[in-house]
Amino acid sequence: MNNLEALYRQVIMDHYKNPRNKGLVNDEKYKTVHIKNPSCGDDITIQSLIDNGSIKDVRHEGTGCSICCSSASVLSETLIGKTVVEANQITQTYLNMLSNKEYDEEVELEDAIAYQGVRKFPARVKCASISWKAFEETLKEE
Amino acid sequence: MNNLEALYRQVIMDHYKNPRNKGLVNDEKYKTVHIKNPSCGDDITIQSLIDNGSIKDVRHEGTGCSICCSSASVLSETLIGKTVVEANQITQTYLNMLSNKEYDEEVELEDAIAYQGVRKFPARVKCASISWKAFEETLKEE
Amino acid sequence: MDVKMIKKDFPVLNDNSLVYLDTAASSLKPIQVANKVNEYYLESGVNVHRGVYNLSYKTTELYENSRQIIADFIGAKFEEVIFTRGASASLNLVASSYGMDNIVEGDEIIVSELEHHSSVLPWMNVAKKKKAKLVYVPLTSEGRITVENFKKVITKKTKVVALNYVSNVMGYIAPVKEIIKIAHDFGAVVSVDAAQAVPHKAVDVKELDCDFLSFSAHKMCGPSGIGILYGKLDLLNNMEPIEFGGDMNDNVDLFEVSYKDSPYRFETGTPPIAQVIGFGEAVKYLENIGLDNILEHEFMLKEYVVNKMKQIKGITIYNESSDTGIIAFNIDGVHPHDAVTYFDGDNISMRAGHHCAQLIIKWLKVPATLRASFYLYNTIEDCDKFIESVKKARDFFTEVGF
Amino acid sequence: MDVKMIKKDFPVLNDNSLVYLDTAASSLKPIQVANKVNEYYLESGVNVHRGVYNLSYKTTELYENSRQIIADFIGAKFEEVIFTRGASASLNLVASSYGMDNIVEGDEIIVSELEHHSSVLPWMNVAKKKKAKLVYVPLTSEGRITVENFKKVITKKTKVVALNYVSNVMGYIAPVKEIIKIAHDFGAVVSVDAAQAVPHKAVDVKELDCDFLSFSAHKMCGPSGIGILYGKLDLLNNMEPIEFGGDMNDNVDLFEVSYKDSPYRFETGTPPIAQVIGFGEAVKYLENIGLDNILEHEFMLKEYVVNKMKQIKGITIYNESSDTGIIAFNIDGVHPHDAVTYFDGDNISMRAGHHCAQLIIKWLKVPATLRASFYLYNTIEDCDKFIESVKKARDFFTEVGF
Ligand SMILES: Cc1ncc(COP(=O)(O)O)c(C=O)c1O
Ligand SMILES: Cc1ncc(COP(=O)(O)O)c(C=O)c1O
Chain A
0 MNNLEALYRQ
10 VIMDHYKNPR
20 NKGLVNDEKY
30 KTVHIKNPSC
40 GDDITIQSLI
50 DNGSIKDVRH
60 EGTGCSICCS
70 SASVLSETLI
80 GKTVVEANQI
90 TQTYLNMLSN
100 KEYDEEVELE
110 DAIAYQGVRK
120 FPARVKCASI
130 SWKAFEETLK
140 EE
Chain B
0 MNNLEALYRQ
10 VIMDHYKNPR
20 NKGLVNDEKY
30 KTVHIKNPSC
40 GDDITIQSLI
50 DNGSIKDVRH
60 EGTGCSICCS
70 SASVLSETLI
80 GKTVVEANQI
90 TQTYLNMLSN
100 KEYDEEVELE
110 DAIAYQGVRK
120 FPARVKCASI
130 SWKAFEETLK
140 EE
Chain C
0 MDVKMIKKDF
10 PVLNDNSLVY
20 LDTAASSLKP
30 IQVANKVNEY
40 YLESGVNVHR
50 GVYNLSYKTT
60 ELYENSRQII
70 ADFIGAKFEE
80 VIFTRGASAS
90 LNLVASSYGM
100 DNIVEGDEII
110 VSELEHHSSV
120 LPWMNVAKKK
130 KAKLVYVPLT
140 SEGRITVENF
150 KKVITKKTKV
160 VALNYVSNVM
170 GYIAPVKEII
180 KIAHDFGAVV
190 SVDAAQAVPH
200 KAVDVKELDC
210 DFLSFSAHKM
220 CGPSGIGILY
230 GKLDLLNNME
240 PIEFGGDMND
250 NVDLFEVSYK
260 DSPYRFETGT
270 PPIAQVIGFG
280 EAVKYLENIG
290 LDNILEHEFM
300 LKEYVVNKMK
310 QIKGITIYNE
320 SSDTGIIAFN
330 IDGVHPHDAV
340 TYFDGDNISM
350 RAGHHCAQLI
360 IKWLKVPATL
370 RASFYLYNTI
380 EDCDKFIESV
390 KKARDFFTEV
400 GF
Chain D
0 MDVKMIKKDF
10 PVLNDNSLVY
20 LDTAASSLKP
30 IQVANKVNEY
40 YLESGVNVHR
50 GVYNLSYKTT
60 ELYENSRQII
70 ADFIGAKFEE
80 VIFTRGASAS
90 LNLVASSYGM
100 DNIVEGDEII
110 VSELEHHSSV
120 LPWMNVAKKK
130 KAKLVYVPLT
140 SEGRITVENF
150 KKVITKKTKV
160 VALNYVSNVM
170 GYIAPVKEII
180 KIAHDFGAVV
190 SVDAAQAVPH
200 KAVDVKELDC
210 DFLSFSAHKM
220 CGPSGIGILY
230 GKLDLLNNME
240 PIEFGGDMND
250 NVDLFEVSYK
260 DSPYRFETGT
270 PPIAQVIGFG
280 EAVKYLENIG
290 LDNILEHEFM
300 LKEYVVNKMK
310 QIKGITIYNE
320 SSDTGIIAFN
330 IDGVHPHDAV
340 TYFDGDNISM
350 RAGHHCAQLI
360 IKWLKVPATL
370 RASFYLYNTI
380 EDCDKFIESV
390 KKARDFFTEV
400 GF
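Chains as they are written, first to last, in numbering that gives the first Met the number 0: chain A, 0 to 141; chain B, 0 to 141; chain C, 0 to 401; chain D, 0 to 401.
Treat the hints with care, since some could be wrong.
To be verified - Once the Cα atoms are required to be at most 20 Å apart in a straight line, the calculated SDA-like pairs of lysine to any residue come out as:
(1) D:Lys364 <-> C:Val2
(2) B:Lys28 <-> B:Glu135
(3) A:Lys35 <-> D:Lys259
(4) D:Lys364 <-> D:Gly332
(5) A:Lys30 <-> A:Asp50
(6) B:Lys125 <-> C:Asp249
It should be emphasised that the hints constitute simulated quantities derived from the structure, not laboratory data.
Please work from the sequences and hints to get the whole structure.
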């Protein structure tokens, strides 16, 4: 498997073609964050619903490349049901992994581990990070 | 005589210390041109009085280095009494000499020949030219 | 034109596997220009204009000599060539000075959807501040600016026409000469964005009769951080400076100041000395090769590639009739950002995005495009590698499920 | 600080007879900086930000890394460091954006006669356009700005204070930290012209608490054509851009545009890439030597020279108490333009003129001055040669009849 095939893993393509939890809701209990990367046109909105210390729901909407769009879907599936503490930990671990920083390999990234391949493409790390950064912001807004 | 002594020739210093025809006149028969070289502060005004095709009078006033101020004085002494045609020819010859262009060695530059030494100091050519250029302009204004 | 020899002038292309197709963003730099810049830093490094000592004098000569070289190159006078940070700064200077002082409520400013942001946004700002109207030339179905369509929008109210000479997305050459003539008949002033023109074709400002013309060095083998604003001298000497400070004034008093004439009126502060000197060298380099040869060569490459690409299924080209070396396209169903990573894997450098020209991207109704752009150092082998890569990319993306 | 070793970094100084005393205009450039710039041209040359391919990505990293280096150097945040063409452009940006949008009729703007034209003229323009009042801090008999004198002019009407940190003619360090504190108590914003400060002393914007701070690379071993505007982030993000175009916007529609936040909001067009990368290298170079060491060294040289010069008859020094490496002086009765040619004959590079600071030259009541300025590469031998030359020059001019 060459680098490029490792980038476009089946799980990523699956989420790209069949995004889960897509579409925003009009509910002010959700925290909404919109991030744009004007240089490439990626444009992502993430919503999270927190209740009693855990992530009840995550929604997303936007345009961008396959890496960007699929990662929003993977994010939603990975984090729904987690506690805020766990979600934060997974997010940090994921972002550290992408940026080739040290990260706790014990933390279970579930499908998000598929984005390991992005590390070989530094110019695409932003694409894989943008929705996770937006999600991080939704937590901060609390 | 080294280059610098050749630059500050006695005739130049004499005109610097004892400028001839200095001071402007308030007479609208005179053509007046003001030139500034803001980078070094040289600031020269030349007036010429033309009558019947010849230079009846030249006046000057200004501030600047010795080369700049003296050359206005030399100019006035050299050109008063010449015909406009002669004055133009002397001016061209002088300016060509300074800028190391070909020039007619037959043309009598009188005291202005003392500025030959300036050619060794390209950065000072402007100082020796500025009043002559102003004079040239007074002729053009006719 | 011996491209094999030319390639040798570009050290980056020593890597024979590299296919550089992003000249429309920035061209590569020849060794001659790099050396010239380096020479300034190693053998001088001093300031210009204000120094009477020898090193500064010689550097000033080199510096102003570059201005003359560039003036001659575009058929302008020495005093009409203003050094700026780049085309964007030049285009903004026209809008901030000429525009702000001459546009009043109700005036019209003609632009187009084919503009680079740096050409249209300065005028959008003027229009907003002065309550003037921004008027868009309708584009043809191909996306071109034509004389006919221009005639439909020019009126007695038009005060400024701000159009590109060559589009950085579509590669079209606009009929600016005819447009300028018409604009002048209506009393409007024309600012030409020539950022993609001057690097690729012979441009003579007197023949065009444009009022202003802007371009950058970095797209034409020159250094980064330096560009030109050409303006007609009588316009320039009647314009207000937009930056105030050292070197642009004559006399400074506590509450009064008088300004120099063009070009110094618009050049405050220590200038980009190394860049100006390097730019002069770049112009000499291009003149040596000949601008007509360059255009012919890059157009030939573009034609060659477009003809081959048309035979590949699943590729959409947006500007088949491009007049220069620019091709805008997409692999159907593949976001250009994904695609460009594939090409990068083949060591083909190409751009994906809106190319700072969102209006034409929106006009095309796509989120973004790929753009390949050819220049004097590109070869037929580059084209073949590129076409091969396009095919493989399309197959790859089909395979992984796009 | 090993000056002998440092000199070796400056190829121009291979000419051992050269005594370079014009750093206040531009410093010489070390080989490290020249190489870094050259590396960009030879090994990259491509554009930043918009490229997703590897070469562009790596260049963007280098480029933005320079911003971080410079931010750290002055104690700022990454987003607070805006790249400009130079200090003059930075100072103008503050006046054109913050000034034009916040100054109204009757407001007061405090400046001084000790300013460089690039510090005072942008505000003279704002004052004229907005019918505001330009107020000059009275200088002491030495020509200094003091806290006491500043207190005499600050009022509730003061909206902006624009002062230099180090004077480029007198070499005085102004008490800007105290001034900023007082200005803030009166609700005024302070723009510091640090063009002669940052190259010569450690500057920490958070400690100063200045609102804006401007400087240029070319005076601190960096490339030409690049400077910095530091601004407090909340100020910057509330300021209008002054140039519009590529890279400074988010979304562009036919009649609407939204802008990015600082720093990109103020950086339209292709940036001065090579220059930014080279500037980062220059900052690393200076940090390595240590700014405190540099100031101490140049001050020591200045003291040495002033003490010797005071013993020479027929010399007038205008700033004996200079706090840095700058000496302004004249040979009595000799126009500085004449004098500088003499020094040039001894291969001593020095400046004569008004140094883009006519107000202080007029304040001194002289037509112009000579200026010698010392930096990290100057030695005691340079000083001795200089003093020797001053003596000989005075004798020469006496002899030929001045
Ligand atoms: C005190 C001061 N301010 C501003 C400037 C302007 O800097 P630049 O010419 O690099 O724009 C200079 C240098 O010329 C200066 O010495
Ligand atoms: C058509 C066009 N206009 C203007 C510009 C702006 O040039 P620069 O980025 O050098 O300021 C560009 C390039 O980016 C361009 O392609």
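Here's how the hints hold up against the structure:
Proposed proximity of D:Lys364 and C:Val2 is contradicted: the alpha carbons are some 63 Å apart, above 20 Å. A distance of roughly 17 Å separates the Cα atoms of B:Lys28 and B:Glu135; the hinted pair therefore holds under the 20 Å criterion. For the hint pairing A:Lys35 with D:Lys259, the CA-to-CA distance comes to about 10 Å; that is within 20 Å, so the pair holds. Of the pairs offered as hints, the one joining D:Lys364 and D:Gly332 holds, with about 14 Å between alpha carbons and a cut-off of 20 Å not exceeded.
Between A:Lys30 and A:Asp50 the CA atoms are separated by roughly 11 Å; this keeps the pair inside 20 Å, and the hint holds. A threshold of 20 Å between alpha carbons decides the hint, and for B:Lys125 with C:Asp249 the separation of about 17 Å falls inside it, so the pair holds.
Hint violations for this structure: number 1 only, all remaining hints satisfied.
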